[in-house]
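S.K.: In case you want the letters, here they are:
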Amino acid sequence: MEGAMIETMIEALIESTLVTATPIILAVLGLTFAERSGVLNVGMEGIMLMSASTGFTVAAITGSLAMGLVAALIMGIALGGIIAFLSISLCVDQVILGIGIWFLGLSLSNYIWWSIIFNTRGVVYLTPFPRLSIPFVSDIPIIGVIGEQNWMVYAALILVFVTYFVLNKTVFGLRVSAVGQNPMGADLIGVRVFLLRYVCVIICGFFAGLAGSFFTLGQTGSWTNNITAGDGWIAIAMVRLGRWNPFWGTVGALIFGFFIKIQFILQLSISGLPYEVFLALPYTIGIIILVISSKFKGAEPKSLGIPYRRGAEH
Amino acid sequence: MELRNLVYPLLTILIASAIGSLFVIPIGISPFKLYQSLILGSLGSIRGITDTIVLAGILLLTGLSALVPFRAGVWNIGAEGQLLMGAFAATYVFTALGTQGNAALLLVVGTLCGSLWGGIAGVLKAKFNANEIVTTVFLNYIAMFIVSWSVGPSGPLRDARQAGNLSLPMPQWGRLTFFAGTPLNTLTLTSLLLALITYFFLSRTCWGYEIRTLSGNPLAARQAGVNKGLMTIIVMLIGGGLAGLAGVFMLMSVSNVLVLGLSSNYGYVGIAVAMLATQHPIGSIFSSIYFAILYIGGQYTQITMQVPIMLVNSITAITILIAMLRTRIITMIDRFRQILMMIISKLGKINGRRDDRDDD
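So the sequence lines, in the order shown, correspond to chains H and Z. Read the first sequence against our numbering and you will find it ends at 315, with the numbers running on by one and no gaps. Read the second sequence against our numbering and you will find it ends at 1512, with the numbers running on by one and no gaps.
So here's chain Z without its partners, still in its complex pose (with noise of 0.2 Å):
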């Protein structure tokens, strides 16, 4: 690993984050003030620390749900829908088994519940050349009507007792609990465990090996017949299952609830993840735990200062316009290092004449 793929990481978060700052000076409160409390509010506390941790878990799936069809080529902008359709399942099946039920069973069925999510823009990319981009979106926009109506006054899985649009509580045995004496829990190690086998799976296996070469080299691609339909609803199958999957563990360890609200953009989020870790699986670990220290700090901060969570989405759109930019910089810091280079051999050249006119 070279240092400059960590180095232009920090700086786009540097970047980010100084463009960030200025929003908050029309409302009157100090950059400085504004990253002190959202330090203070992920890290500042046992609370924090262990929300954060949480957090990064599930940013950390939503991330790799982008990464792998960026891989090959395919933009999936739905981990969001993937995600709500995954937790809708959940709580569909957690409240058809009410008090005995197994935690495994809820994580199956989202995962296969996101996976169709996505599976249908796949498809319909695959057969149709419907753009992915396009048809995510309106995907997310259908999944937010689903749980909407779900949950809603006439819907199946609404609380009758309560007065807001929520599901039942997810009862006991669906809930995580953190390992003795740690802030970790079942979500953690699942997501530090599928990021390493996305890793393998993207570098040392065959299927893996096709999926990079469609990004790559799609001429290449074509020529040694890798098929790219069905690796484009392979990808989406992926990227669907791994949001859905962060769905059910929203509902199991933060939410408990089915609510329209359930996911604050984290679906969006994870295409911010795996731009910043330059749709690296393994990066995807740091940028996530960033993003959830951003976000947990933020939530902190509206809180306490009354500064709208929109701030922070604002500063993530950021990072990926700034983390887009990011071979654009090292061209032209390269570029700048060779004319610098240049100059100096010249200079080198015109001191080494001037040295051979002395020896005459």
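Next up, chain H with everything else stripped away, as it sits in the complex (with noise of 0.2 Å):
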């Protein structure tokens, strides 16, 4: 009996963990694409929450999952492609236009929900997707509930090595850091750098509407205002700590999301604090993960944030 239940609290804790991390993963994936390239996406919870929003409200009114699915993800590219007009090809300062975004999204994902779904329906739920099992893996016991999660939960995992491959052993990707390090020099020997920029940006908008997506489409099937909860910004803090390696990034988010679900166990056998504190973990994590990723200073792309003007110094 004893034994049973520390099975089901460890198979609690595995994909609870595995689900808490699966946005954060999409996103640093994303970020990383943007930030090799050598483009700051501090908007990336704006995105995810404007996706957040648009999948579940056009799921809602055509009760489709993949029609919202298909709306967020082309929200996520379209806010993508206006990031990268603005900071590739206007040169804008890339960190308040980060930060505008993010405010548009917190307060505009809210407003869309409210005036085309609360307004005229109330509180609406939908069913997110459905599990999947994955035969032979789902029958192994405790790790087994790994192959019992949702679509997105294995996508997320697979575009991982996805990632790591068009990053690291493909021409692309070598371009990719090539323009992210020195973008005048890639420019000489031929490289495109602005269409380069450009579609690592919308890569990075398409991963924040998957990320996004996985809120309201993939996990709880509601709505809540700021639902994102900060994990656009834990995922900045990943690709740091990552050193802008997609599959360390991948790791960081896996660590952060277990100690973000036990503290659901602590909470229950350390009564005496107040819930705050664990609440309040997550972005003690990340404000710790920014201050030790800070040694990573040398692996930073070097051109990160400054927009390529053909001709310039900078």
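Read the hints as simulated data drawn from the structure, not as lab findings. Incorrect hints may have been included.
[Stated by the list, open to error] List time: in silico DSSO-like cross-link candidates among lysine-lysine, alpha-carbon distance up to 30 Å: (1) K1501(Z) / K298(H); (2) K298(H) / K170(H); (3) K303(H) / K1498(Z); (4) K303(H) / K170(H); (5) K296(H) / K170(H); (6) K296(H) / K262(H); (7) K1380(Z) / K303(H); (8) K296(H) / K1380(Z); (9) K296(H) / K1279(Z); (10) K1279(Z) / K298(H); (11) K1185(Z) / K1279(Z).
Put the two chains together into one complex, using the hints given.
M.R.: Written out as structure tokens, the structure is:
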């Protein structure tokens, strides 16, 4: 009896770690693309919120999760395109652009849900994507829960390998790194700096759309204000911690998810502490991550955050 | 002051309002009615005007709190958390003091606590190069949970007689009163004075000069021996202190109790205040009044037309984005003007040649 309880507890811990980490992993992958090419996307959280809201709204109207997902991805790609245009072609300050996009996402995402769904239909619940059992994997005791998630969790894990392969093993990926390290040098040998940066930022938007839609379509099936709760910001810290390597970023996201979820177990056993301490834990860990990752300054793409102007010094 | 310094903020407001008006069309409200209601709520009554002036004081403080670090190239997104921490500290003190106390003490304590909260991000940036944008956002969340705990069921500041999560009300000695016959109070005067002090600090003092070189010409700043780490900490202390002060003033003049929703994103609106004013302290006075009109009008519209305040927040965000494009728009217009001049002068030359030929 005791053993079975611990087993279910560990299973629940593994599952919730995966579910918590999935959107962060997706966001980390997107940010890795953008930052490797030298574009800072501080507005990640904003795009995720907009996509989460758009996906939910469209899914609630059409009654189809797939339509919601498509809408969320389109929203992510569109916002990625706007950020790309403003930061690459118009060379605006990427930090203030990101802050603007984030604040827009924070408020407009809620407004979209309110004006289209809540205003006319009240609170709506959706059934999120169903679990897909992977044969054999799901039969393994305890860690078998890894094989019983919905497709978005699997997609995130597969995309980690895809991202790593694309960025490190293909000509495209090496060119992206060249553009991020030395855009002028890359331009001189004929690499299309602007095109590559556009592609990378739009890929980042796509991942943000996927990450955002996971919250509403893959996890909760409902909308709450600020549903991402800072995960986009956590992802920014995680990319640094992972030294712009998607594998390490993913490992970081998984460890982070584990810490967040083990707090619920701690919360049950340490009853003296107020529960806000545990709620504040992710952000405290986030700050510690940033302090640790400042050691990795050398791994940062050299032109990160600096727009490239042809024929100018910078 | 050039005319364009005035024209672009107005243009920004116009464009942002135009985009914002698109948002109400889907819910069947005409944009014209929305703006009518925004103006009516904020400027249509004595009560509205008073509220607008009070809120403008708060927004001016959070605007300056974003502005001073911006001028040093440091991004303070943490005014929201610093404001809450200032209000939290002041509530702690007035709850402890009870019926006897001094309002100035609350202001000092709140400012120091906000300053400390900003200083954390400053030190982390200076010592560990931890990205201050992300740390201030995280510190905002942590401040939110501290306030949520302090007025929560087991918190030390909770008013046990109330059902909701809120603190004891601010005693009479701590509340601000209006100067007889005017909608002005100490908050209005303090914030205006601080805007002037900030202006002189940035433009006329040695530290102010060093701060400006840090964002304007980092290389020159380094060669001139400006201590970047120290300056980062100083601007974050100043920024945090201003936001903390705003928090105490919120308690004294607007809400009188500490609640989680004490600041309806006013810390973030400060960023927009600074951006719209092109990061100029005196300009911030005017942009804070504009945003105060928007938010007081927004609160009125929320009640009368059931349009949520998120709409006003969206307009604020769009204002940040449009204001950011200012330099691009200026260069575009300048380039357009140059091209126009070139065409005119060429046409003139062609005409001139023709004239010559005619002379032959």
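S.K.: Hint numbers the structure violates, sorted upward?
M.R.: 1, 3, 11
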